[in-house]
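K.L.:
Chain by chain, the residues run as shown.
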Amino acid sequence: MKKESNFQLKFGKVIIAVILLIIIISVFYVPYDINLINGDEKLLSPSIRHILGTDNLGRDVFSRVIAGTRFTFIVSVLTVLFSSVIGTVLGMFSGYSHYIVDEIIMRIIDAISSFPGILLALVLVSVMNKQKYTIILALSVIFIPSFTRISRNETLKCRNEEYIRSAQVFGASKLRILFVHMLPNIMTSLMPSIVIGLSKSILAESSMSYLGLGIQPPYPSWGRMLFESQPYLFNAPWCALSPGLMIMITVIGFNYIGDGLSQKYVYNME
Amino acid sequence: SQNTASKSNNKVIIYGIQTEPNSLNPYKASTADGRKILFNVFEGLVKVDKDGSFKNAVSESHTVSDDGTTYSFNIRKNVKFHDGKKVTAEDVKYSLDTAISNKVKGFDIVKNVNVKDENVVEINLKRADANFIAYLTTAIVPKDYNNQAKKPIGTGPYKFKSFTPQESLVLEKNNDYWQSDGAKLQKVTFKLESDTNALLLDLQSGSVDAASVDNSTVSQLDKSQFNIYEEHSNAVQQLNLNNKFKPFDNVKVRQAISYAVDKNEIIKTVNSGKGTAVGTPIIPGLKKYYDDSLAYKYKKDVNKAKSLLKEAGYKNGFSFTITVPSNYKVHVDTAQVVVSQLKNIGIKAAIKQVDWPTWLSDVYTNKNYEATIVSFDSSVLAPNGFLGRYVTGASNNFLNYSNEKFDSVYQKATIDLDEKNRVKLYKDAQKILAEDAASVYIQDISNITVMKKQYSGFTSYPMYVFDAAAIK
Amino acid sequence: MKYLIRKILTLITTLFVVSLLCFGAFSVVPGDPASLILGTEASPERIAVLREQLGLNKPLFSQYKDWVVNLFSGNCGQSIKYNMPVKNIIRGRLPVTLILSLMVIIIIILVAIPIGVYVAKKKDSLAGKFVNAITMINLSVPNFFLGIMFIWFFGMLLKFFTPGGYISYADNFLNFLKFMLFPAIAIAIPHIATVVKFLKSSILNEMKKEYVRTAYSKGNTKNSVLYSHVLKNSLISVVTVLGMIIAEIFSGSIIMEQVYGIPGIGRLLISSITARDFPVVETLVIYIAFVVVIINTIVDIVLQFINPQVSIK
Amino acid sequence: MSKSNLLLSVRNVSNFYKERSKGIFSKGGKTRVLDDVSFEVCKGEVFGIVGESGCGKSTLSKAILNLINFTGEITIDGISVRDKKKDIRKDIQIIFQDPKSALNPMKRIGWIMEEPLRVHKIGNDNSRKKEVIDMLNLVGLDESFYNRYPHELSGGQQQRICIGAALMLKPKLLIADEAISALDVSIAAQIINLLNDLNKKKGISILFISHDLNVVTYFCDKIAVMNNGRIVEINDAENIYKNPSQPYTKELFSLMI
Amino acid sequence: MSENLLCVQNLTLSIENDENSYNVVNDVSFKINKGEIVGLVGESGCGKSTTALAVADLLPEHVKIVNGSIRFKDKNILSLSDDDARKIKGKEISMIFQQPLTALNPTVKIGRQISETLKLHCDKNKKEIKEITISLMRKVGLKSPEKVYNLYPFELSGGMRQRVMIAMAVICHPNLIIADEPTTALDLSIQKQVIKMLKDFRNEYNMSILFISHDLSIIKNICDRIMVMYCGEIVECGRSDEIFNNPMHEYTKALISCIPTFENRGKHLCGLKGNVPHRYDNTTKCVFASRCQCAGDICKSNSPNIISVSESHYYRCLKKGGDSKNE
Ligand SMILES: Nc1ncnc2c1ncn2[C@@H]1O[C@H](COP(=O)(O)OP(=O)(O)OP(=O)(O)O)[C@@H](O)[C@H]1O
Ligand SMILES: Nc1ncnc2c1ncn2[C@@H]1O[C@H](COP(=O)(O)OP(=O)(O)OP(=O)(O)O)[C@@H](O)[C@H]1O
Ligand SMILES: [Mg+2]
Ligand SMILES: [Mg+2]
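Each protein sequence line maps, in turn, to chains V, X, H, L and F. Residue 963 is where the first sequence starts when you use the working numbering, and the numbers rise one by one after that. Residue 962 is where the second sequence starts when you use the working numbering, and the numbers rise one by one after that. Residue 15 is where the third sequence starts when you use the working numbering, and the numbers rise one by one after that. Residue 858 is where the fourth sequence starts when you use the working numbering, and the numbers rise one by one after that. Residue 260 is where the fifth sequence starts when you use the working numbering, and the numbers rise one by one after that.
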């Protein structure tokens, strides 16, 4: 079991490391300007000039995919950051607080999670005055419930642990118990969900792009590229292939890390 | 598939359509696709012809008084509504009164409508309007029938059969049509698609026989299966600048932008060359009034654009946001090209996609925007439909454009009954707009209709319609 | 009984919060249904007339109140866009989406559980690893893309179904099911992967527990330990996961209805939002939340059957 | 027993657990867990409480720590444990049964032991570290443990850390709730020795809760026997061992193997 | 009475993980006769359970048998086919586990769990099985067995669960019961009842019991013979009275002296210094050397000898009893 988790973890880490490397490189160098439009070079198939071909506006797909890494990551990392921070805090308060507070928080969380995510995104995106990254906000709200639930469960488990009891005994304040004593422990079981959240948010961004809610053009996120290339899927498959593959690889990478982490966690606990 | 199985006498067609009609009531239908469908169900006193002129439909003939304020129509005797009742002058009066009370465009100048006798209707105007005949394409409906929204009844070659929201709208051949060779196809099904991509997939898989499609879409279709018809879309795509917004209140800035935007590149890149560059808000299809000479008034000239910017005091450029309705791929793509072209003269433009209702309310109604790219068409084939929104204080002047000279020229053109004069005045108006670079006029995007090879008879109009009756 | 009362109270509060959220959302989004209906050529006077007719001049809160009153009287108000009772619009579509979702759930259960058991049993064999890898890949494809690939592969290449050739369930139920099969599979696949993953790790976890050793000590074979002892316990966590997936299935079907042109409530929801058709959206959202809550309750009850420690009394 | 010598006094303490009501309208019942419990612990005394599982021993310790609601009065050094203003928290500390779960798995030993000082804002970083190292020595461990994690320690070492952490605030009373039940015999012996030393050398009073009669009679000066939330007998260890007066006590002691 | 039932010889088991492998159980040999109760004591982690699991053929995957044989009724358990081994389990050898809650399947009703062994090994119909089960449940002291039959483990108290475990173990009248710390989790009074019950069953069915515990006082109470285990090795073995009256190995002595009792009051408990050494530092040859009071250099380099005290009593040490006393 341990062997396998190590392998998964390593494999995932290698993938993500390579992708982070791509991000760093793309900040300094891409073969073509990602927004360089060229009407004479529309939908060219891969060649030496354009290794991954060009899209419907004649932009270099390779450059866009490379640079898209950055945009995709900004969305997914910030989404998970916001939602996990808010979700965790809510969940911890809910789990550690009085019955009423718990009930109120959980009803709202229930409502959010039984609210169609797409509607939520649509509303938030139109209200927030759609900017390049408004989607982050929308996705964050959609992602909050799952983090809240996990952290609430963990808090419930944790609050009966004796080390929390002993912190109460020597007089630590509620906030200190929550954030200094409990949080690190909750984090260990949240970590896998956070990593898997990264991959889920990449997929969610691409679904949102499908409805025109993702990152704003001309900036390429992989989801947006995939969506934009949809009409040319059969005649110019290279447009869709590379962002699609990147999504797949990255998501697999994150999933492997997440699985590896959760197994490691289980293993450590034994 | 079985749907398209054709026996010559009961041939059917499935036409893919991307937006739902918002209403089946002809006085309320306002979406382009809605009008496209209802064109086959309703007819007015007159009807648009292929060349943009108006031919008599429900009316047999008409006369206009010399001062242009009285129109007299003779109703055709063999016209029947779809429910079998004969069309009478009362019905016509009722229809026109309904148009007035519904505040249908152009009817604000109607003083009254009188039934002269069984077959003659007289319309009196408050003042002359050279374009008035164009408004009379408005539908003639049976008197006191108030179920139009659910089961529309008109006089057209096809009658309404059923409408299932988001699935289909079905029309059936009207066997009582006044023209014997009215409709050829037995049934026309308008399939309501969820979006462009779904339409493309349906065309590719063959479950849809015909559709009007994007340029980007048509390149993906198997040319051996489809006939492809290219025509004017009869809408002008323009980069509209909010003339009150800070740098755009300066005519030099607007001109600079006009010089920076390369129409040909946009046409080539976004539309695969299928579009006509224009320099005025009027569509080329309105041949009489359209001023062809303005198309390249602002030919791409980066240096000139830069020096204009410098003169205006924006040597280092500035930044602004282009708001685009996200449901129009063409406009989104165009915006991307425009952004890259403006970059050449140091202007940083960002794109903000909004959904259509937001666009309507934020941009169009509340004029709360900096720039936007959209196409405007007109429900009536008259220059006022295109130029009216530049008039100072007009409710639809979301451009915040104001020029007294233009206002007076426009006013004069509207009431001038002398055709030659009128044409000249309208052309002058266009010149003023072009000189002021009120908006950046880009192109009349070609409208492309594809139809399976087994069908023929496609007719193009200078309006956005689908004439199912002509299809064989 | 107490359980029932509690559940009903939770249901009502949840639905109430959901409807308030929806109302709040509508009170802030820009867009006016009347000018949408009339388009760009409408004069302000004409819009004003229509607003009056549609009752849009009333403050949104009183529209909400009207809607609530209408909800209790059973017809859920009048659609602004289609100008007919919301009830009538939804009636035809609800079954479509429900059947689709049901198919998805059935597919998930039928496919994921055997695969999960298989993978857990053969975790070290080549076949097991292969299935594992496939699972991972399935988890990583954007939903809409999978749907499109299905259309291309099964629809256009293999001609198993006609893309866009939706057949109403009222016309021909079997053909309807046949058509729905592919979008259902497309929605189900990532969830199958999730469930397989969960079931596998849950079985492996259970296998480590002491009662398994007890079962072996009684002389059970490997299979009888797996099927009569471990599986039921592993399913507990899977059922919980299933419960969480339900809401996602709805989201998935919204997109897939769009891709496949299925006239279900997902598509209706999107178009009604685009039309700012408040009564329809509010009703749909309540419907969806209702179904989600109900299914979660069913999951609770199922859980209680397989896990005696969860008591609903 | 002179008054000045009195450390802990528990008077007429009762406690009820509300059964958590499930429905909004239903009322939860009440279970009586402590029933009129009274006893006193003197300074420097080792006071044992024995009783079967579930008789309320842990609940009593929670009441003394003011972690749960109770009726009656508990004072330490004359101050009620309910008194929020007084730094009563410092005077009573507890060691739990399971040393593993009583140590935060994510924190290093040094951090864990310093935490009570930090919470009460005693000393600065350096002085705290010094105190912790002194304490480590006191409980028989060396400096090298400062930077280790709990899971790297054996059960006996973990329990020593727990004791050390509990002593950081220099409490007057140490409650050991089944503190050695989870440990191996030889390790348990080490811990008992340690507690014995602390009691003898530092004069810390210990409330020793256990169900193991052998240990209690070995270790405690006075023993209270609990049954069903009541104290049935309190006596010196010797008296209780040699001639228990109550029938329940007799029965209990007859079980000693 | 002295008929040989189980004979373990030179059993060596090792645990393997990716970093290292080490012997958990090292060269262990012992015998159990029919009707005998044999105790196995030792500190936590010394390999008691692992030995027991090996005898019951329930070793987890990561434990490998390096050497040795386990003969049960003259069959080598280690070389039986899966199917043959399965037929022995539950019927002839059965186990009682330490944690009755985790050892019972949480979602299967008590009655089914108890009767499962019968179902697997005896050809009886449902009604008979239920009758046997219920009567056995009554016998192990479960009140109103018909009701308990349909309860789930979590609905029972710890004592009841342990009774259920015992019923499960004896239902087929096995020849050997391995009881792995069956009383550790229990209350004093219940401990006593459980022990009495096991003794009764032994007397009634002439079963043998391998009784594992770390609590010497319990072992003393129930066992005929005692084996003391330390770090995977049996360091001393003898009859109960021999071990308690005349402990030879230093470890055994320490164990006995650190039992706190009223009699020892005031005395410093001897205890053992230090902790159980890590298994994988095999630097010393005598596993106890690091904690032994009287260990010399020789203990670090040579393997201990087996020194017999009497026919039934031996221990492993390099220094003879006399030596250690002198030092
Ligand atoms: N949170 C709770 N809710 C309801 N009842 C409780 C709760 N905690 C404890 N009890 C009950 O209170 C009684 C006393 O519990 P307590 O933990 O004090 O016993 P104990 O003597 O410490 O037992 P043990 O020796 O097993 O630790 C028990 O019967 C238990 O069932
Ligand atoms: N799953 C495992 N992985 C690694 N090591 C293990 C595992 N299970 C047991 N061990 C090791 O095997 C050794 C013997 O374990 P075993 O369970 O036989 O001890 P024990 O004497 O029964 O202890 P206890 O009294 O605590 O039950 C221990 O040192 C332990 O560390
Ligand atoms: Mg307790
Ligand atoms: Mg063990």
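Check the hints yourself; a few may be wrong.
Stated by the list, open to error - Listed next, the in silico SDA-like pairs over lysine to any residue satisfying Cα-Cα at most 25 angstroms (straight line):
1) V/K1226 with H/F167
2) L/K964 with V/N1122
3) F/K479 with L/H1068
4) L/K900 with F/R524
5) V/K1119 with H/I320
6) V/K1226 with L/H1068
7) X/K1235 with V/S1007
8) F/K455 with L/S1011
9) X/K1008 with H/E55
10) V/K972 with H/N146
11) X/K1373 with X/E1079
12) X/K1122 with H/A184
13) H/K236 with F/E351
14) L/K887 with V/N1122
15) H/K223 with F/G304
16) F/K526 with L/L1010
17) V/K1136 with L/R985
18) L/K1107 with F/P319
19) F/K451 with L/L1112
20) H/K143 with V/V976
21) H/K236 with F/P319
FYI, nobody ran anything at the bench for these hints, they're computed from the structure.
K.L.:
Determine for every hint whether it applies to the structure shown.
P.N.:
Hints versus structure:
{"no.": "1", "hint": "V/K1226 with H/F167", "verdict": "39 angstroms, violated"}
{"no.": "2", "hint": "L/K964 with V/N1122", "verdict": "18 angstroms, holds"}
{"no.": "3", "hint": "F/K479 with L/H1068", "verdict": "20 angstroms, holds"}
{"no.": "4", "hint": "L/K900 with F/R524", "verdict": "20 angstroms, holds"}
{"no.": "5", "hint": "V/K1119 with H/I320", "verdict": "23 angstroms, holds"}
{"no.": "6", "hint": "V/K1226 with L/H1068", "verdict": "37 angstroms, violated"}
{"no.": "7", "hint": "X/K1235 with V/S1007", "verdict": "22 angstroms, holds"}
{"no.": "8", "hint": "F/K455 with L/S1011", "verdict": "34 angstroms, violated"}
{"no.": "9", "hint": "X/K1008 with H/E55", "verdict": "20 angstroms, holds"}
{"no.": "10", "hint": "V/K972 with H/N146", "verdict": "17 angstroms, holds"}
{"no.": "11", "hint": "X/K1373 with X/E1079", "verdict": "37 angstroms, violated"}
{"no.": "12", "hint": "X/K1122 with H/A184", "verdict": "18 angstroms, holds"}
{"no.": "13", "hint": "H/K236 with F/E351", "verdict": "19 angstroms, holds"}
{"no.": "14", "hint": "L/K887 with V/N1122", "verdict": "21 angstroms, holds"}
{"no.": "15", "hint": "H/K223 with F/G304", "verdict": "18 angstroms, holds"}
{"no.": "16", "hint": "F/K526 with L/L1010", "verdict": "28 angstroms, violated"}
{"no.": "17", "hint": "V/K1136 with L/R985", "verdict": "23 angstroms, holds"}
{"no.": "18", "hint": "L/K1107 with F/P319", "verdict": "45 angstroms, violated"}
{"no.": "19", "hint": "F/K451 with L/L1112", "verdict": "7 angstroms, holds"}
{"no.": "20", "hint": "H/K143 with V/V976", "verdict": "20 angstroms, holds"}
{"no.": "21", "hint": "H/K236 with F/P319", "verdict": "13 angstroms, holds"}
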